[in-house]
Amino acid sequence: VEFWLPILTLSSSLVPGILIFLLGEEHSRARTVLNLAGAVLKVLFVVLIVLGFERGVEYEARSAFMPGLDLVLRVDPISLLFLALSAALWLTTTVYAIGYLEGSPNRSRFFGFFSLCVTSTVGIALAGNLITFFLFYEMLTITTYPLVVHRETARSHAAGRTYLLYTLAGGIVLLLGIVWVHALAGPVEFASGGVLGEVAETHRDALVGIFALLVVGLGVKAALVPLHGWLPVAMVAPAPVSALLHAVAVVKAGAYGIVRVVYDLYGLELAHSLGVLTPLALLASVTIVYGSIRALSENELKRRLAYSTVSQLSYIVLGTAIFGPVATTGGLVHLVHQGIMKITLFFCAGNFAETLNVHHVHELRGIGQRMPLSTAAFTIAAFGMMGVPPLAGFISKWHLGLGGLETGQSWVLLVMVASSLLNAAYFLPPIAMAWFREPSEAWEPPPGRLETRWTLLAPPLVTAAMVLGAGVFGGWGLSPLGLADTIVDAMYGR
Amino acid sequence: VTATVPWIVLVPLLGACVAVGFRRLGPALGVASGVAVLAAAAALTRQVFVEGVVRHAVGGWGAPLGIELRADGVGASMVLMTALTAPAITVYAIAYYRDPGGAAKGWRPGPAFWPLWLFLQAALYAVFLSADVFNLYVALEVLTLSAVGLIVLSPELRALSAAMRYLLAAFLGSLGYLFGVALLYAAFGTLDIALLGERLTPGAPAAAALALVTLGLMLKTALFPLHFWLPDAHGNAPAPASAILSALVIKASFYMIVRLWVEVFPAVVSFPAGQMAGGLGALAILWGSLQAIRQHRLKLLVAYSTVSQVGYLFLLLPLAAVPVGGADAAGHAWQRDAWAGGLYHGLSHAFAKASMFMAAGTVMHVLGHDRMEDLLGLARRLPVTVFAFGLSGLTIIGVPPSGGFVAKWLLLRAAVESGQWWWVIVILAGGLLSAGYLFIVLGQALTPPLALTAEPAGPMPAHHTMEWASMALALLALLLGLRAVEALALIEVGTPIAAGPGP
Chain U
19 VEFWLPILTL SSSLVPGILI FLLGEEHSRA RTVLNLAGAV LKVLFVVLIV LGFERGVEYE
79 ARSAFMPGLD LVLRVDPISL LFLALSAALW LTTTVYAIGY LEGSPNRSRF FGFFSLCVTS
139 TVGIALAGNL ITFFLFYEML TITTYPLVVH RETARSHAAG RTYLLYTLAG GIVLLLGIVW
199 VHALAGPVEF ASGGVLGEVA ETHRDALVGI FALLVVGLGV KAALVPLHGW LPVAMVAPAP
259 VSALLHAVAV VKAGAYGIVR VVYDLYGLEL AHSLGVLTPL ALLASVTIVY GSIRALSENE
319 LKRRLAYSTV SQLSYIVLGT AIFGPVATTG GLVHLVHQGI MKITLFFCAG NFAETLNVHH
379 VHELRGIGQR MPLSTAAFTI AAFGMMGVPP LAGFISKWHL GLGGLETGQS WVLLVMVASS
439 LLNAAYFLPP IAMAWFREPS EAWEPPPGRL ETRWTLLAPP LVTAAMVLGA GVFGGWGLSP
499 LGLADTIVDA MYGR
Chain S
1218 VTATVPWIVL VPLLGACVAV GFRRLGPALG VASGVAVLAA AAALTRQVFV EGVVRHAVGG
1278 WGAPLGIELR ADGVGASMVL MTALTAPAIT VYAIAYYRDP GGAAKGWRPG PAFWPLWLFL
1338 QAALYAVFLS ADVFNLYVAL EVLTLSAVGL IVLSPELRAL SAAMRYLLAA FLGSLGYLFG
1398 VALLYAAFGT LDIALLGERL TPGAPAAAAL ALVTLGLMLK TALFPLHFWL PDAHGNAPAP
1458 ASAILSALVI KASFYMIVRL WVEVFPAVVS FPAGQMAGGL GALAILWGSL QAIRQHRLKL
1518 LVAYSTVSQV GYLFLLLPLA AVPVGGADAA GHAWQRDAWA GGLYHGLSHA FAKASMFMAA
1578 GTVMHVLGHD RMEDLLGLAR RLPVTVFAFG LSGLTIIGVP PSGGFVAKWL LLRAAVESGQ
1638 WWWVIVILAG GLLSAGYLFI VLGQALTPPL ALTAEPAGPM PAHHTMEWAS MALALLALLL
1698 GLRAVEALAL IEVGTPIAAG PGP
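First to last, the sequence lines map onto chains U and S.
Be aware that the first sequence starts at 19, since it is given in the working numbering, and climbs by one per residue.
Be aware that the second sequence starts at 1218, since it is given in the working numbering, and climbs by one per residue.
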């Protein structure tokens, strides 16, 4: 059992975060070096973990927290999925954020909390039991707040308050569920197939109640309708924050938590026999359709993307709530796919806003002529969201739809089709406008050879390439799909 | 090694006497006593860990004639808490009184602070180490009088009237306690806590004594609705005094209540009595936080936060200090959870609240006021202070991995396992409400001011000491969350809560 690598992975953003606070505002070069070094190191550590894991090395770091209660960081295939996602996207977002915030005030505070935010995400990925998960989940809530209100305008403060109210209240419901689990079952740790089997023999009703508490607590961050109210408001944050928030950090933490609760706390079979999966699937379906419909009517690009997040996240929850291997694969793989697609979209929206001050859909007219690369990246990611083969989103939707059919729940296919049509309805018009319409007035010329700063341009291109790669190379063992397949094989004993 | 125990009380006592005579030595005596007591407290803690409960008869005279000192895990942890908080406050006070800026500019409090502060420390240690109910009374009186003195050292008139109200309330409280003790002595013929516990039989004298002692001490701890004196007293005292009062002084009377309930009165406390005490605690949590949200002055907000946090302490009584299920003498595992949780809350709150009052004092020192609406842009001016305030806020809200979270976790578990669900709701709602008032402050501090006010000319070096002193305590509150295993093991030593079956 390897102890240090999980700790190092966590420290690679924690230590830079603390150092950045101590460094002070004016040392911008040292801050950049710290940020990039941390991000690169984290990717390196994750690669080492992946390689070691392939060889069968176990990674676990454990330390006593309270009597009989340990803090546990552990690597298993599901955490690997989320870990790889966070590490990769942190690196790209760091590059993006350095470019995006060049010369703006309060960068020390921003990058300090940014690093702590990623630390929390990595902690959530590695958490081996509920208490560790909760610790980092709350740390994420707190460290994201200064990022949401970073602009310090009245609007961002209002958004920050809404965000805190929702997430802290959610955290409290979650804590109640966790305390109740511990009261019934003692200190339990995540394990594939679930760990509550014994308790279920005597406390079925309590377990249903706990499930509801946990899902509501996690559902706030996962933006399940009607707990999603904070997410569209919180998009007033700077673009790199929105990108991280909608792809890996906050919302994904909620979805990932639900995945953990269903697979590794209850176990699919127990959850199925308790009858809690169908309501969860229905809730997810409602969220998928509702989010898409709301996205249709939003004219502000970032708000449209935010509602799209509400909808897309619930694909993960839907996949989790269907008791069949193909759907499980679809849910797990979407955990990664949604992240890379949505971060690309937010990067591009940030580029439009930062370079040309374009914030609304109707202003995108002809932007493809002025910013072809950003628009191309946006197009790839949006097509992915719609589920166009061979992009990442197609793989998710294919598995989810097929999974529904496999388990005799054909309405899932209906939800997929409806949602894809709606996706097309809110993504195709802006794309068509960007490529095929003439701009209403001539764009201001690019500052140099590139359409915008390279630090802003490279990240969306890289993540767009990931969207393509995740689809085309889905058959590779270490692709998101390959990993998801491995997890599912183990879970269903295939 | 046993001989270290009396020095914990004697060193600050001697220091205080010298400080009365040689007034200029005050700060030096404060620092020296702080260092010496911290070393002695560390030695005591180690001894309790290794040997178990420590007893020491002062001058060789044992009970029932002489003064006996006794330290179990809880006593030792309270002593250590005080010994860790006191040096930070001392350092802060040195900087604070060297240059009492802001509204108090030109005000010279005189060196009276130092003897009072040292007397107060000696009294605190005496409370935590006493083994009989009369010594407890004497120590508590010294504590109250020096606390009132510390409030009066303010140039403001409202501090004076607040101090008078505090004196009156504390005096009434003492009276109640003293009557209770007299009843006990008349009925059972001893003042020693252990002997009283053995001899006490249910009946009218014991029940009346319980009621008098508890009410008197609740008044001193400012439990709702007996908190009326606290916000003014804590909110208007000079900054170091506010920190001392809110963090340490109220813990002394609380400590006495829990010790007496579990060691003297177990024969008469009942389920309804516990529910009543807990119910007041619950009301305190809700009322205190709601009032805190409504405040327009930072120090009053922090003071109302204390009113609310005191409520959590009293949840210990229904969950740990009351026999449940009739004659179930064995007790439950969750009673020990609640016991540790309530006391842990006392420890973490001490660090966090001292840090918050010190931060608020720094704000007042620098800005000359603490009006909430004029705190805009504070984070840019006093980043360390705002950070320390936020960090201690984590303990007050109960966010992991702070000490406050550990306390809440234990209390929550006990409430769920005992089936007393109503406390669960209060604990959780209280967390949300406290987040509410803390983020009002942080939101103001992070918002830039409308117009840039002129920066003060030249740096004021005193602030840095003050800022980092509050930061140190905020970090200690966090450390309590990270080193909970060791701290909880200390509390467990010689615990009076009967060992129960596993969960």
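Hints are computed from structural coordinates only; laboratory data are not their basis.
For glycine and all other residues, C-beta sits at the position ideal for the given N, C-alpha and C.
Mixed in with the good hints there might be a few duds.
[To be verified] A few chain S positions that, by computed beta-carbon distances, are all more than 12 Å from chain U: (1) Phe1239; (2) Ala1245; (3) Ile1644; (4) His1680.
[Claimed, not checked] From chain U, some residues computed to sit far from chain S (all C-beta separations above 10 Å): (5) Ala82; (6) Glu170; (7) Gly178; (8) Arg179; (9) Leu182; (10) Ile190; (11) Leu193; (12) Val251; (13) Arg455.
[As the list claims (entries may be wrong)] Computed spacing ranges between beta-carbons, pair by pair: (14) U:Glu287 - S:Trp1638: 54 to 62 Å; (15) U:Gly227 - S:Leu1392: 45 to 53 Å; (16) S:Ala1646 - U:Ile36: 27 to 35 Å; (17) S:Ile1642 - U:Gly500: 45 to 53 Å.
Falls inside 45 to 53 Å, the C-beta gap from isoleucine 1642 (chain S) to glycine 500 (chain U)? Holds - the Cβ-Cβ distance for isoleucine 1642 (chain S) and glycine 500 (chain U), about 46 Å, lies within 45 to 53 Å.
Confirm or reject the statement that alanine 1245 (chain S) sits farther than 12 Å, beta carbon to beta carbon, from all of chain U. holds, 32 Å
Regarding the assertion that arginine 179 (chain U) does not contact chain S, is the least Cβ-Cβ distance greater than 10 Å? Given a closest Cβ separation of 7 Å, the condition is violated.
Taking the minimum C-beta separation from phenylalanine 1239 (chain S) to chain U, is that value above 12 Å? holds, 41 Å
Non-interface claim for leucine 193 (chain U), where every Cβ of chain S lies beyond 10 Å: Non-interface label on leucine 193 (chain U) violated, nearest chain S Cβ at 7 Å vs cutoff 10 Å.
Minimum Cβ separation between histidine 1680 (chain S) and chain U greater than 12 Å? Holds: least Cβ distance 17 Å, greater than 12 Å.
Hey, is isoleucine 1644 (chain S) genuinely clear of chain U, shortest beta carbon separation above 12 Å? The claim breaks: isoleucine 1644 (chain S) does not keep its Cβ more than 12 Å from every Cβ of chain U (closest is about 9 Å).
Would you say isoleucine 190 (chain U) is clear of chain S, with no C-beta pair closer than or equal to 10 Å? violated, 5 Å
Just checking, glutamate 170 (chain U) versus chain S, shortest CB gap more than 10 Å? Per Cβ check, glutamate 170 (chain U) is inside 10 Å of chain S; nearest 5 Å; violated.
Confirm or reject: arginine 455 (chain U) is not an interface residue toward chain S, with every Cβ-Cβ distance exceeding 10 Å. holds, 40 Å
Assertion that leucine 182 (chain U) lies outside the chain S interface [Cβ separation over 10 Å]: Leucine 182 (chain U) is in fact no farther than 10 Å from some Cβ atom of chain S, at 6 Å.
Over 10 Å from every CB of chain S: does alanine 82 (chain U) meet that, or does the non-interface label fail? Non-interface label fails for alanine 82 (chain U): nearest chain S Cβ at 5 Å, not farther than 10 Å.
This entry does not satisfy hints 3, 5, 6, 7, 8, 9, 10, 11 and 14, going by the numbered hints stated previously.
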